[in-house]
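Residue 471 in my numbering is what sits at position 484 of the sequence shown, and the numbering runs on without skipping anything.
Hints listed in this document are in silico derivations from the structure and should not be mistaken for laboratory results. From the three backbone atoms N, C-alpha and C, an ideal C-beta is built for every residue, glycine too. Hints are not guaranteed to be accurate.
Stated by the list, open to error - Computed beta-carbon distance windows for the label pairs:
{"id": "1", "residue 1": "ASP452", "residue 2": "ASP223", "range": "16 to 24 Å"}
{"id": "2", "residue 1": "LYS437", "residue 2": "THR7", "range": "44 to 52 Å"}
{"id": "3", "residue 1": "ARG253", "residue 2": "GLN476", "range": "19 to 27 Å"}
{"id": "4", "residue 1": "GLY360", "residue 2": "PRO464", "range": "51 to 59 Å"}
{"id": "5", "residue 1": "GLY462", "residue 2": "ASP441", "range": "16 to 24 Å"}
{"id": "6", "residue 1": "THR243", "residue 2": "ILE390", "range": "48 to 56 Å"}
{"id": "7", "residue 1": "ALA249", "residue 2": "GLY360", "range": "49 to 57 Å"}
{"id": "8", "residue 1": "LYS380", "residue 2": "GLY462", "range": "54 to 62 Å"}
{"id": "9", "residue 1": "ARG363", "residue 2": "LEU291", "range": "14 to 22 Å"}
{"id": "10", "residue 1": "GLY462", "residue 2": "ARG253", "range": "43 to 51 Å"}
{"id": "11", "residue 1": "ASP223", "residue 2": "VAL127", "range": "28 to 36 Å"}
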Amino acid sequence: MAQKLIQTQEQKQVLAQKLTQQQMLVVHLLEMPLTELEQSVNAELDDNPALESGDADEPADTAGDATADDGADEDFDTAKEREERASALDDALAGIGMDDEMPEPTAPWGDGGQGADYEEMAYGDRVSFYDKLKEQMVDVELSPRQREVMEYLIGSLDGDGLLRKDTGTLCDELAVYHNIDVSEDEVKAVLRMLQAFDPPGVGARDLRECLMLQARRRPAGETRRLMEEVLTRCFDEFMNKRWDKIAAQLGLDGATAGRVHAELLRLNPKPGAALGETEGRSQQQITPDFIVDTADDGTVTFTLNAGRVPELYVSPSFAAMVDGYRKNKASMSRRDKEALLYAKEKVDRARGFIEAIRQRQHTLYATMKAIIGIQREYFQTGDEGDLKPMILKDVAERAGLDISTVSRVSNMKYAQTRWGTFRLRHFFSDSVRTDDGGEMSTRRVKAALKEIIDAEDKARPLSDDAIASMMQAKGYPVARRTIAKYREQLGIPVARLRRN
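Build the full structure now, drawing on both the sequences and the hints.
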């Protein structure tokens, strides 16, 4: 029996967030490190004759060239084309004079290719890690939507070449910052393509997956199978160098265990860093976005590093052209209308770019001011033990910004202080509860933990239980499992591996 298809109309209310072109431009410029911002500003100056730099009292005369170019256009000489386009021009010009709202510049700012994480990128003549991965995109078949997702994933890799964000977070960021509504399955499909790029291991979510991706690139055979077995079934033993237990669990003889061990040691836990070394990334230069100064009397001040970003303004010639044409719309010829549309587009785009730069500066200033307000004692002493518990929400509330905005600033920006140059994330720290109900920075707890381990007798290193007891005696109420977690985060091995 045939089944009937019935069409119905349904009305429902859906809440969706759409970013304007101007908002996308602001986010895009906010993501950029200072060196790349300088390049972007220079490119915009070259591309838009209505945007000028330097002393506003001595503007460059670019309007004449633009007008000459418009006048040289011979595509509208025929009467037929003149009639067809006259109406469209009048429609486009109808709204001029009522556009005091923020303009919405057109491409190329909203393509979102540069992701959140520019940490330790090299800026120079050699190909960057990011660009080297993008070059490999031509070797895979990608739809336009997949290409945007791939570029965002590449931009979200950390300095080791790993992707330390879960797919849910990536979907949210793509929706908010790039207006791309994508499912987790779609992100995972693109991620699998990225993980096939060189160097092997790039795009892994954690160390185990990174090593497994590299092991699977080895020639098929017994050694490869055993490498995968170790990473799958004995990863904890592998990380703690317990090869006697690995050999017993997998039933390996001494020679086989030694061969597998040697092959596993050849895998690279930081594939991104390895590519950086071959592409000039080992000569890293970090340009700080903030210069923090601590006076001898404890006064803490800071300035934004403007680098080589010039003062920007709208060309007076272009602004006057738009104003003059606007006052004489009724008597304008078709060619004059064409010139007006050209000038207005360039002026609106220049104003939008200048406003985006201004908003970027305001966001950076507000974020750093809030951080210093919370961590003033640390900037005065340089002692990590003085870092107070501080999370993104604390800074966002103090600065009057969104948490996601603070997250992007803290992930990608550096501050030069009296005690060294640090990424803003350095100043953030979670907290642990003290016995009296107060809070203590985890950074302070880790500093005390490291101090105890540094002072231990290396012939008889302390167990985690012993360290926990000593920490509690010093006023740090942390359990043994917390000691183990902090020790691993500090890169300190277990007691038996510290024995000298």
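Checked hints:
1. Between ASP452 and ASP223 the beta carbon distance is about 19 Å. The supplied range of 16 to 24 Å therefore holds.
2. Evaluation of the 44 to 52 Å hint for LYS437 and THR7 yields a pass: the beta carbon distance comes to about 48 Å.
3. The hinted window of 19 to 27 Å between ARG253 and GLN476 holds, with their beta carbons roughly 26 Å apart.
4. As the Cβ distance of GLY360 to PRO464 is approximately 28 Å, the hint placing it in 51 to 59 Å is violated.
5. At roughly 19 Å, the beta carbons of GLY462 and ASP441 sit within the given window of 16 to 24 Å.
6. Checked against the hint of 48 to 56 Å, the C-beta distance between THR243 and ILE390 comes to roughly 51 Å, which is consistent with it.
7. The hinted window of 49 to 57 Å between ALA249 and GLY360 holds, with their beta carbons roughly 53 Å apart.
8. The beta-carbon spacing between LYS380 and GLY462, approximately 27 Å, falls outside the hinted interval of 54 to 62 Å.
9. Under the hint 14 to 22 Å, the C-beta atoms of ARG363 and LEU291, about 19 Å apart, fit the expected range.
10. Checked against the given bound of 43 to 51 Å, the beta carbons of GLY462 and ARG253, roughly 45 Å apart, stay inside it.
11. Between ASP223 and VAL127 the beta carbon distance is about 35 Å. The supplied range of 28 to 36 Å therefore holds.
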